[in-house]
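Listed in order, the protein sequences are those of chains A and B.
At position 450 of the first sequence (counting the first as 1) the number is 447 in the working numbering, and the numbers step up by one without a gap.
At position 35 of the second sequence (counting the first as 1) the number is 1359 in the working numbering, and the numbers step up by one without a gap.
Since the hints were made in silico from the structure, they are not lab data.
Treat each hint with caution, since some may be false.
[What the hints assert, rightly or not] Below, in silico cross-link-like pairs of lysine to aspartate or glutamate (EDC-like), each with a Cα-Cα straight-line distance of 20 Å or less:
{"no.": "1", "chain 1": "B", "residue 1": "Lys1409", "chain 2": "A", "residue 2": "Glu14"}
{"no.": "2", "chain 1": "A", "residue 1": "Lys6", "chain 2": "B", "residue 2": "Glu1405"}
{"no.": "3", "chain 1": "B", "residue 1": "Lys1338", "chain 2": "A", "residue 2": "Asp0"}
{"no.": "4", "chain 1": "A", "residue 1": "Lys6", "chain 2": "B", "residue 2": "Glu1392"}
[Unchecked claim] The calculated label-pair distances, taken between Cβ atoms and stated as ranges, are:
{"no.": "5", "chain 1": "A", "residue 1": "Leu452", "chain 2": "B", "residue 2": "Ser1411", "range": "53 to 61 Å"}
{"no.": "6", "chain 1": "B", "residue 1": "Leu1348", "chain 2": "A", "residue 2": "Glu524", "range": "44 to 52 Å"}
{"no.": "7", "chain 1": "B", "residue 1": "Gln1404", "chain 2": "A", "residue 2": "Asp0", "range": "51 to 59 Å"}
{"no.": "8", "chain 1": "A", "residue 1": "Pro210", "chain 2": "B", "residue 2": "Ser1346", "range": "47 to 55 Å"}
{"no.": "9", "chain 1": "A", "residue 1": "Lys359", "chain 2": "B", "residue 2": "Thr1398", "range": "51 to 59 Å"}
{"no.": "10", "chain 1": "B", "residue 1": "Leu1348", "chain 2": "A", "residue 2": "Glu311", "range": "22 to 30 Å"}
{"no.": "11", "chain 1": "B", "residue 1": "Phe1330", "chain 2": "A", "residue 2": "Lys377", "range": "36 to 44 Å"}
[Said to hold, decoys possible] Here are some chain A residues the structure puts well away from chain B; computed CB gaps all over 12 Å:
{"no.": "12", "residue": "Pro7"}
{"no.": "13", "residue": "Gly12"}
{"no.": "14", "residue": "Ser78"}
{"no.": "15", "residue": "Ser251"}
{"no.": "16", "residue": "Lys281"}
{"no.": "17", "residue": "Ser283"}
{"no.": "18", "residue": "Gly284"}
{"no.": "19", "residue": "Lys315"}
{"no.": "20", "residue": "Ala348"}
{"no.": "21", "residue": "Asp365"}
{"no.": "22", "residue": "Gln504"}
Note that the structure is predicted; figures quoted are calculated from it, not measured.
Ideal Cβ placement from N, Cα and C applies to all residues, glycine included.
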Amino acid sequence: MIDLSLIQKPQRYIGNEINVVKKSHQGKIPICISYPDLYEIGMSNLGLRIIYGMFNAFDDVACERVFLPGDDLAVSLQNSSTKLFSLETKTALDRFEAVGFNLSCELNCINFLKILKLGGIPLKAKERAELIVFAGGIANPEPLAEFVDFFYIGEFEEGIGQFVEVFRKHKDKKARLEALSEIDGFYVPQFYNITIGSCGYKFDKLHKYAQFPLKRVYVKDFDKSYYPLNWLTPHTQIIHDRAPIEIARGCPNSCVFCQARSVYKPYREKKVSTIYEIAKNIYKNSGYENLSLLSLSASDYSNIEELLDTLIAEFKDKRVGLSLPSLRIDDSLGNLYRKLLFLKKTSLTVALEAASDSLRAKLGKKIDADKLFEAAKIIKSLNLRTIKLYLMIGFPEETDSDLLSIAAFLEKLHSNTGLSINVSINIFVPKPFSLWEGAWMCPEEILDKKIKLVLSSLRRRRNINISISQTAKSILEAILSRADRNFSSVIMKVFETSGYSAIENWQIWQAAMDECGINYRNYLKSENKNFPWSFIENPKISGCKNDKDN
Amino acid sequence: MQIERFPVRLIVEKSGDMVYFSQLDLVSILTRALRRANLPLYYTQGFNPHVKMSFGRALKLGVSGQEEVTLYFTQKIAAQELHNKLSSQIPQGLRIIQIN
Ligand code: SF4
């Protein structure tokens, strides 16, 4: 065993949180789940907590957690030939029957391989005799198809019961995978052959009963669906150090660049009374001093004022902070923020995406920027220090004048409100399943020019802080989210040559792609035929006419 | 209006896994334990109110031993009652040694 007193932040590896579940593995199906990043980040993920609670609700399942170890622990594990272990019972990863990953962030793919390797698990699906590696949360599974035995397409809450039943009934890996592949949502890559023809990608089943095309599965009764009330409460600070309460899932808006609205379809809400019960119980079981109301667009929640009034009445005297991170600048700005201020020092966040009105209209972003200026007086009275603003650049059809309007907008906003403004400028990536999934990804050279234009147009000004995504990182994100199965070999090569640091290092990726004979620009072109992920149903896409001749 | 506050001094022992948790961690461990125990807590005044508590000298990380903590309540609380309610809410490796 590793001496934790020699390791930085040993709190990460102890697994003694309030409400942790520790079961003996005797007569149970042992499963380990992971968000492949450090503890502080992984523990801030709601999905992982839902899955943890749902698995452990079965008497004959023991579900534990593992996160990415810090560099120092990784080195100690390797030097002492110790395998990476779960937090709960310190069991080596290769002793579980299944290990599951939340892969919602593409850039975590190297971390994911690192965890497998440190845990003593063979990286490729076909090299594993019994253990099953599964994953969810990823829109386009193809670049990781070689490493994962099955992906769940959609919201795993719906599939957990079926998963457990199959694991009870079948003990052999092949039988388990075959049985799972026959159920909606379970995608077993090795049962599909994918070829490229004149009509783009063509998908053939290798197991007769496997599902095709795959349907995305969603939680039907969202109001009554499971919520982890026995809130796993860390003893040390995590990134989002508050208990999130999901008030709605999906989004009724149609911003063209948005992936979340498509993968969390349809829009669903929990009732005020349900949310109230959840909040009360989570507080009772965790003692968390901050709760945050989670949804993609809180302003669209039907009874937002009633909800806030109910929660404020419950938590005001207990000095529990409430935050509402996805609120939109709207007519209700003054009212809602005033309510929130009752409870907590709050900052104002505006996901404006484009500063020019005409571009924003093309993007389907329903925000009236004038409201922001009209609301300047209210904003001033709110006791805020900063406004946080999100913008995006790199859209097709974006003009220089769209980019120049950013500086003008920021300066006007600053002088009208007197507040300092933190602006995060992200780069547009045409994400699978978004309305613009077929759009072109702006090439590096042009992106760099656009960034220069934005920065040079802004007269140096205190109180406007800009951070802009790195071009190379955004290109990499685009490749990883759009690539096909051939890309597995590149990921493997990058992992082998460099391990940890790789994800930031564009040169390593470029060298690996050259070696594997992959021209990444092919993944970034505008495309209207089909995509590596077209075996998953996406209602807005029609089939290719030539399919039959192929 | 100033709310009257009742300080209570505790000696807490840290051992086992808890030696890896810092004094900063201990603040949130105790705050949340007090909240779960539903005790009449005294909050700091001002813009961002939190549960008031103060500490004696911090232990070095990785070392077991005792720490002094002062908690504040809005009512008088019997030592035994506080001991019972709080002990059931703090993690293994933390132990209340003395209350006065
Ligand atoms: S960007 Fe936000 S508001 Fe727009 S569709 Fe996506 S989640 Fe909804």
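Hints and how they fare:
1. B:Lys1409 - A:Glu14: holds, 19 Å
2. A:Lys6 - B:Glu1405: violated, 34 Å
3. B:Lys1338 - A:Asp0: Holds, at roughly 18 Å.
4. A:Lys6 - B:Glu1392: violated, 23 Å
5. A:Leu452 - B:Ser1411: 53 to 61 Å: Cβ of A:Leu452 to Cβ of B:Ser1411: about 58 Å, so the range 53 to 61 Å holds.
6. B:Leu1348 - A:Glu524: 44 to 52 Å: holds, 51 Å
7. B:Gln1404 - A:Asp0: 51 to 59 Å: Cβ of B:Gln1404 to Cβ of A:Asp0: about 39 Å, so the range 51 to 59 Å is violated.
8. A:Pro210 - B:Ser1346: 47 to 55 Å: holds, 52 Å
9. A:Lys359 - B:Thr1398: 51 to 59 Å: With Cβ atoms ~57 Å apart, the hint holds.
10. B:Leu1348 - A:Glu311: 22 to 30 Å: About 28 Å separates the Cβ atoms of B:Leu1348 and A:Glu311, which means 22 to 30 Å holds.
11. B:Phe1330 - A:Lys377: 36 to 44 Å: holds, 40 Å
12. Pro7: violated, 4 Å
13. Gly12: violated, 9 Å
14. Ser78: Since the minimum Cβ distance to chain B is about 24 Å, A:Ser78 lies beyond 12 Å and the statement holds.
15. Ser251: holds, 38 Å
16. Lys281: At about 7 Å from chain B, A:Lys281 fails to clear the 12 Å cut-off, so the statement is violated.
17. Ser283: A:Ser283 not clear of chain B: closest Cβ-Cβ about 7 Å, inside 12 Å.
18. Gly284: violated, 3 Å
19. Lys315: Violated, since 7 Å does not exceed 12 Å.
20. Ala348: At about 25 Å from chain B, A:Ala348 clears the 12 Å cut-off, so the statement holds.
21. Asp365: holds, 31 Å
22. Gln504: Answer for A:Gln504: holds, closest chain B Cβ roughly 38 Å.
When held up to the earlier numbered hints, the structure conflicts with 2, 4, 7, 12, 13, 16, 17, 18, 19 and fits the remainder.
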